[in-house]
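J.: These protein sequences, in sequence, are chains A and B.
First residue of the first sequence: 1, per our numbering; consecutive thereafter.
First residue of the second sequence: 297, per our numbering; consecutive thereafter.
The hints are simulated quantities; they were obtained by calculation from the structure and are not laboratory data.
No more than 20 Å apart at the CA atoms, straight line, and that leaves these computed lysine to aspartate or glutamate pairs for DMTMM-like: (1) B/K710 with A/D68; (2) A/K111 with A/D149; (3) B/K300 with A/D73.
Listed next, the stretches of chain A that the computed footprint assigns to chain B, with coverage defined by at least 3 CB atoms under 8 Å from CB atoms of chain B: (4) 48-57; (5) 64-74; (6) 78-85; (7) 95-102.
No residue lacks a Cβ here, since even glycine has one placed at the ideal position from N, Cα and C.
The lines below spell out each chain.
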Amino acid sequence: MLSVNNVSKSYGKFVVLKDINLEFTNGIYGLLAPNGAGKTTLIKILATLLFPTQGEVLYEGKDIIKMDEDYRDVLGYLPQDFGYYKNYSPKKYLLYLAALKGVEQKIAKNKVPELLKIVGLEDVEDKKMKKFSGGMIQRVGIAQAMLNDPKILILDEPTAGLDPKERVRFRNLISELARDRIVILSTHIVSDLESVANEIILIKDGTIAYKDSIESICKILEDRVYETEVDFKDMERFRNQSFLLSERQGNGIMKVRFISNEEAMDTWNRVHPNLEDVFLYVYRDENMKGLDVHEY
Amino acid sequence: MSIKLKELKKIITSPVILSLLIIFISFNFSIIYESSHFSGELNVLNNIVNKFGYKINNESMINFKKYYDSNLKKMNKITYKKASKVYNSASEFFNNHEDISNVYTKGDITFFNNLRVEEEYYYAAMNIDSVYKEVDPMQIAEGEIKQYNLRGEAAETVRSEYRNFNKRFNELVKNGENKNLFFMGPVYRMHSLLFHSLFKSFIFEIIILSVLITAYLVNYEFDNGTQVLAYSTKRGRNLIKDKFLVSIFSNLVVATIIIGTGLGVYFTTFDYKKLLKVPISSYFIGEFSKPYMSKWNMTFIQYLILGISLIYILTLIFTGIAFFMARCVKNSYIVFFIFAVVYASALVIPRFIPTNSNAVFIGEFTPFVLSMNSFIWFMEAGAFNTFKYYELITAFVWTSITSVASICCIKNFKKVDIY
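So that you can see chain B by itself, here it is in the shape it has in the complex (with noise of 0.2 Å):
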């Protein structure tokens, strides 16, 4: 226990890793401070679900109704009050007039405002059955086939993973998983924040520091000229195994407190309150032409909690990744680079096999490309990734490969001649 903190010790007084950490967690306050601005507009969904609840149903389509109705008739009574004026609707009121700030106090615009997203609201829910009857799951192949240039084999796996994905189309609307309310997709895109921007920040800067560590904690000895030292000792070339370890605890510790930090900002600013239990293919979720459509039925925070252990995962197989460059180069600096050089080769490489092949399809099933999609784990996501335990398989063969390699390494080690 002793030699694993003070190898601890080695990272946590490391003034470069413990400088990036607070640019990180300072560069992820700054993507919520950005949309933290219409935090207040997400409080109306919150109410309207407080009164209605977040399915969407007859009875709560028509209690929202009245609700809004109702909001309707107070708008138009100050409107006639002060401009002799009424109004079909709050984006009626909102059209007409550009300077609304000398006839209407703040509290009358505020109101007409979260009338104006009550009525968004109210409108797309009404819409949602005439949009899913225009998706078409097997046209999406059709669609992605097209894009990709597919042919041959690798055609036909995709039109046959849509087909499998039709199934699970179906079951999703019967379910009604897509009739739930939530905030405004194509407005707030707070998928694309939470699960694009957020997440991905937190999987790059979880892997720059991943990396770094592993090669910097597994070199130590290299890059200070004490490994005579330190490998002559009792513990000897088992310290590898001490370094591995506390390179794995270190990068899960650092992961947790960069999710930890950003999702905490990030749900104090942004009620999620009463939506955590929204299916996380809720039609109001989509921001595109196309809704999100899970692989499963879950609710968000399932998918949240999904996607945080899917970065978990990924930051242990980075580890294993790191840990046997940096037992193959003894500069951490290095490895660092030749790390970023594999990253890189591993995104492009997959663009240059046939696209008549199902080969085209292996180059997809790596943990560097998995880490460029968070938005779209565990649902639909175009001709590579719509395999339906595409994320599963990705995780359980990398994380297999790089336990068993890292394991070699250790044995390796062991073997090695130390100069």
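The following block holds chain A by itself, in its conformation from the complex (with noise of 0.2 Å):
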């Protein structure tokens, strides 16, 4: 199990973390939030690069800190923007990386291929990578987050710059590897956690705000999304009403998709709240708070 403890981190007076508590056991935890919320802040003090201001971080009831290498020992990581040696092929930085993460020569160099064959890197093993596209470099870092064969995988921003094809190939990927680690999968796309995570951590404000199964965070604005079709004509007053949750045109006329605390409409379709609407919703500007839709 791994555990954050009252962790908090800031530079100056500048607060990006604020006594943030969770525990992690086997399974895939999607970190959701906007860009510049702390995600990755809070990723990367799991991954030992940057240190708490306060509090801890605990794997099996051990600081990760002073497990050091035994801790990494079991960490896979894939960083939200990383580099790589341009003048190296996927198998030779692979092979390094291994050696960095303590992969016996031996062992690296069958797993290598195989990690290159699941990412679908095959054929271009022994190119330079300075030739390769933003969703080819994405899958070998992929590949090296997994070349330990870690009981930790932290994943920041994965699918950035694949295709849908591979995302769904990555989170199939994904989905067979969460039997038997920990995955936590940091995003601020939605669709990428929704038919993996088993739970979803939503923070705000440096905080924790949700931390709960898909089912249950949705149960937030249960009975509150509905569907309904607007003319052109009032739609600007339909805005000014209703918390707009997606719009779209079709047939003259706007079909909408919004949060409203009102009674029910005629018109309106009741529909099953999802996690783009839970993450709107909490993630809504300032401006729009005045719409009162109460929190839970």
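Each of the two chains sits in its own frame; use the hints to bring them together as a complex.
T.: Right, dumping it as structure tokens:
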């Protein structure tokens, strides 16, 4: 088990994380927050790249800083932004990282082609990475995170740059891996999490706003999400009265999805809230808070 | 081991470092090549040493004189036969002839020229005692004090420094260290060629490459943006230790390649085989009005080994300094620029220290100043560097400082946030 106990991180007077408490057991955890909310800071603390200003992170009851190499030995980490050696091939680069991860050379030589096949890079394993697209580099990053068969897999924006097909392949891979390890998946793309995450963690203003299953989190908006059709001429008034989640044109009218606390009208269809609805609601602009959708 | 090898590969495959190494080695060869034209003349001395040994004493000088006289006779026989002239010396022959190639064969001219060289050695050897009678270390001290306008306790320190050296000077003369044949200093300047031109070139090249290699390797992950990947692996921040050790190893290898190739070609071009055990304080090594006088009795080969050792120590010290800078500044080229500024400042700042205080000497005890004076290491070297243990103190103190600073850097890196 990985526990985050009262962790805070600040830079001078600027507080990024405030008194964070979390517990992770095997399964997929979706860390969901808009950019700049502190996700990457929390993840870098879990990866021992940043040190908390206060608090501690324990793995199996031991402080991860004191565990040093023993902790990082069970860690796989895909950073949000990472560089690579442009003149290296993915194979050579992964062998280098395998050495840093303490994977025996003999084992690494078998493991690297295996992982490159999993991420669909087996045909270019000896090509220099400077010719690679962003998506290909991202796949090299995913492969390196799994080199040491980690017990804790932390992936920061893992699907950035991946095409839809690769995203599906990635999700399947993660579901497979999560059976016997902790997978922490940080993203601001809600659809990445909906089908795979066991639990969602929403970070807001440097604190944990929610930590629960998708189902439970969606209950925040239960019976308050609707869809309806609105004339173009009425849209302006509708926007001012409701918290719009989405709007799209069709057959000369607007089809809208929105949150409302008012009694439903006949033309409104009540729908099940999804994670994206909750995300938009939780991270709504300050000036939208006046829409009076009370929080649970 | 595997990690260190992979780090080493980064250096070996760096085109900048490899190109510089090749350019530097070629430059050293060119220095040697420029002076190689008199390598033939140097063999005259080897021939003399072969016959009479390098020690100058009554017996060797009598034999040398006999040999010289017989060669002079041979020369006169030839000149008489071909030009009906005889000479008192080979120098006289050369002073009176501008174009001799029409009269004499190439072999004759070579023989005459060799005789002229033998003659110079003979008469210079005869003159040694009178030269050393004129040398007064205390007078040198006063000259230095005047030259640098030293006053008060600073002037007193120099006097005391030279009083100590005076004992060594007397011992040197008593031992007869000065009375040994070596390549004629004022003519060939072999000491300057080897220990000034070549050694200084070695030192600067090694410094440039050491700073570049260390900064390049230490900042490699930051330069490539791979720091978040590399330092979150099992090896983690301990990687910096590997990088430091590999930098030291690489810089020592680079130093060995530069020194090895340079000295290899040097000693192939100039034959020192018979002179390796000649004391470095030999009168003949001196090139200017004042002879070179070592602080200890040591042979040429011992002096050479000591000099090479000091270059290796300087390599370690500069690696430590570059490592410290590279930890503070995360860009290899800026590190190099800062190092250059620090180096230049370390040479200039001591000049601004008041010359009436002993503080004026402190600025001299730095690897930067030490690296500038390779040709007078372990020798009487003027007001600022004649302290008996100047080189050893500087090397020891700075090795200690850079070792401690490097260990602190490694420990500190373990506590630093990596973005």
